[in-house]
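Undergrad: Sequence lines, in order, name chains A and B.
In terms of the working numbering, the first sequence opens at residue 1 and continues consecutively.
In terms of the working numbering, the second sequence opens at residue 1001 and continues consecutively.
Worth flagging that the hints you see were computed from the coordinates, not collected in a lab.
A portion of the hints provided could be inaccurate.
Between beta-carbon pairs, the in silico distance windows are [said to hold, decoys possible]:
1. B:1017 <-> A:18: 44 to 54 Å
2. A:1 <-> B:1052: 22 to 32 Å
3. B:1064 <-> A:64: 40 to 50 Å
4. B:1005 <-> A:10: 39 to 49 Å
5. B:1080 <-> A:66: 26 to 36 Å
6. B:1064 <-> A:28: 29 to 39 Å
7. A:110 <-> B:1115: 18 to 28 Å
8. A:15 <-> B:1071: 47 to 57 Å
9. B:1074 <-> A:52: 26 to 36 Å
10. A:53 <-> B:1081: 23 to 33 Å
11. B:1017 <-> A:14: 45 to 55 Å
12. A:26 <-> B:1061: 20 to 30 Å
Selected chain A positions facing chain B (Cβ under 7 Å, derived; list incomplete) [to be verified]:
13. 40
14. 44
15. 46
16. 100
17. 103
18. 106
19. 113
Partial list, computed: chain B residues near chain A (C-beta under 7 Å) [as the list claims (entries may be wrong)]:
20. 1040
21. 1042
22. 1043
23. 1048
24. 1063
25. 1091
26. 1108
27. 1109
28. 1110
29. 1111
Note that the structure is predicted; figures quoted are calculated from it, not measured.
Using N, Cα and C, we set each Cβ at its ideal position, and we do this for glycine too.
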Amino acid sequence: AQSVTQLGSHVSVSEGALVLLRCNYSSSVPPYLFWYVQYPNQGLQLLLKYTSAATLVKGINGFEAEFKKSETSFHLTKPSAHMSDAAEYFCAVSRINNNDMRFGAGTRLTVKP
Amino acid sequence: DARVTQTPRHKVTEMGQEVTMRCQPILGHNTVFWYRQTMMQGLELLAYFRNRAPLDDSGMPKDRFSAEMPDATLATLKIQPSEPRDSAVYFCASGLAQGGSGANVLTFGAGSRLTVL
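Let the sequences and hints guide you as you build the complete structure.
TA: As structure tokens, this is what we get:
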């Protein structure tokens, strides 16, 4: 079965600094990969997805992620953090021809003024 | 703006009581997922359905949990009897699986926060 591992349960950056949230996947077949964001007391919202087209994927709110097959990674980045980016971020994986979606443990992003 | 609706938003109950959580998926979506979120375990996949048929419920404790889709507009997750360790936020999500090639992007509900005393 496929799975994802998020490195670092908590990341803290200063406002304006680079955001880097790490995700590595494990899948025996080509994966679909996703990043979701969760704000307090809300459900998860899709940030971006990779579906075997371009390896560099741009999402909402200035986030992007790059699929690197050689490293089995799908790290999430944003050049300049904003206070409103403070939230929990989840990496997820599913497979072509398969519907189930598995989430990582999540990374809580704190943005300091 | 289409959304997944979950009820109740909050539920406090006593150990041993039956709990039913309901989910209205987005109209036209053909997959429904139930997740449980806790601080210790993160997001756990409990069960999912495609075209109302259960595809996988291996993440669900079978002795006390059950998930059903009586029709395309309603999914239910039932716990009987409930236990304190079931306290968590339960999320429903729906998506549109398009044959063999489409990515199943999920839309999540706001969650049902369950507290079992």
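Undergrad: Compare the structure with each hint and give your call.
TA: Evaluated hints:
Distance hint check for residue 1017 of chain B and residue 18 of chain A: the Cβ-Cβ separation is about 49 Å, which falls inside the suggested range of 44 to 54 Å. Checking the proposed 22 to 32 Å range against residue 1 of chain A and residue 1052 of chain B shows it holds: the Cβ atoms sit about 23 Å from each other. Separated by about 43 Å at the C-beta atoms, residue 1064 of chain B and residue 64 of chain A satisfy the suggested range of 40 to 50 Å. For the hinted restraint 39 to 49 Å between residue 1005 of chain B and residue 10 of chain A, the CB-CB distance of approximately 32 Å leaves it violated.
At roughly 46 Å, the beta carbons of residue 1080 of chain B and residue 66 of chain A sit outside the given window of 26 to 36 Å. Checking the proposed 29 to 39 Å range against residue 1064 of chain B and residue 28 of chain A shows it holds: the Cβ atoms sit about 32 Å from each other. The beta-carbon spacing between residue 110 of chain A and residue 1115 of chain B, approximately 27 Å, falls within the hinted interval of 18 to 28 Å. Look at residue 15 of chain A against residue 1071 of chain B: about 48 Å separates their beta carbons, and that is inside 47 to 57 Å.
At roughly 34 Å, the beta carbons of residue 1074 of chain B and residue 52 of chain A sit within the given window of 26 to 36 Å. At about 48 Å, the beta-carbon gap between residue 53 of chain A and residue 1081 of chain B misses the expected band of 23 to 33 Å. In this structure the supplied range 45 to 55 Å holds for residue 1017 of chain B paired with residue 14 of chain A, their Cβ-Cβ distance being about 48 Å. Take residue 26 of chain A and residue 1061 of chain B: their Cβ atoms lie about 25 Å apart, and the range 20 to 30 Å holds.
For residue 40 of chain A, the shortest C-beta to C-beta distance to chain B is roughly 11 Å, which exceeds 7 Å, and the interface hint is violated. Interface hint status for residue 44 of chain A: upheld, as the beta-carbon distance to the closest one in chain B is roughly 4 Å, under 7 Å. Annotation: residue 46 of chain A was flagged as interfacial toward chain B, and the flag holds, the nearest CB pair being 6 Å apart, inside 7 Å. The beta carbon of residue 100 of chain A comes within 6 Å of a beta carbon in chain B, closer than 7 Å, and the hint placing it at the interface holds.
A cut of 7 Å between beta carbons decides the hint on residue 103 of chain A: the least distance to chain B is about 4 Å, and the hint holds. With a least beta-carbon distance of about 6 Å to chain B, the hint placing residue 106 of chain A at the interface is held under the 7 Å criterion. Taken as an interface hint, residue 113 of chain A does not check out: its beta carbon lies about 26 Å from the nearest beta carbon of chain B, beyond 7 Å. Interface hint at residue 1040 of chain B: violated, since its Cβ lies 10 Å from the closest Cβ of chain A, which is beyond the 7 Å cut-off.
This hint holds: residue 1042 of chain B has a C-beta 4 Å from the nearest C-beta of chain A, less than the 7 Å allowed. Interface restraint check for residue 1043 of chain B: the shortest CB-CB distance to chain A comes to about 4 Å, inside 7 Å, so the restraint holds. Interface hint status for residue 1048 of chain B: upheld, as the beta-carbon distance to the closest one in chain A is roughly 6 Å, under 7 Å. Given the 7 Å rule on beta carbons, the hint for residue 1063 of chain B is violated: about 22 Å separates it from the nearest Cβ of chain A.
Here the hint on residue 1091 of chain B is kept, as its CB sits about 6 Å from the closest CB of chain A, short of 7 Å. Because the beta carbon of residue 1108 of chain B sits about 3 Å from the nearest beta carbon in chain A, less than 7 Å, this interface hint is met. Taking 7 Å as the C-beta contact cut-off toward chain A, the hint placing residue 1109 of chain B at the interface holds, the least distance being around 5 Å. The beta carbon of residue 1110 of chain B is positioned within 7 Å of a beta carbon in chain A (closest approach about 5 Å), and the interface hint is therefore held.
Hint status for residue 1111 of chain B relative to chain A: holds, with the closest Cβ pair at about 6 Å, below 7 Å.
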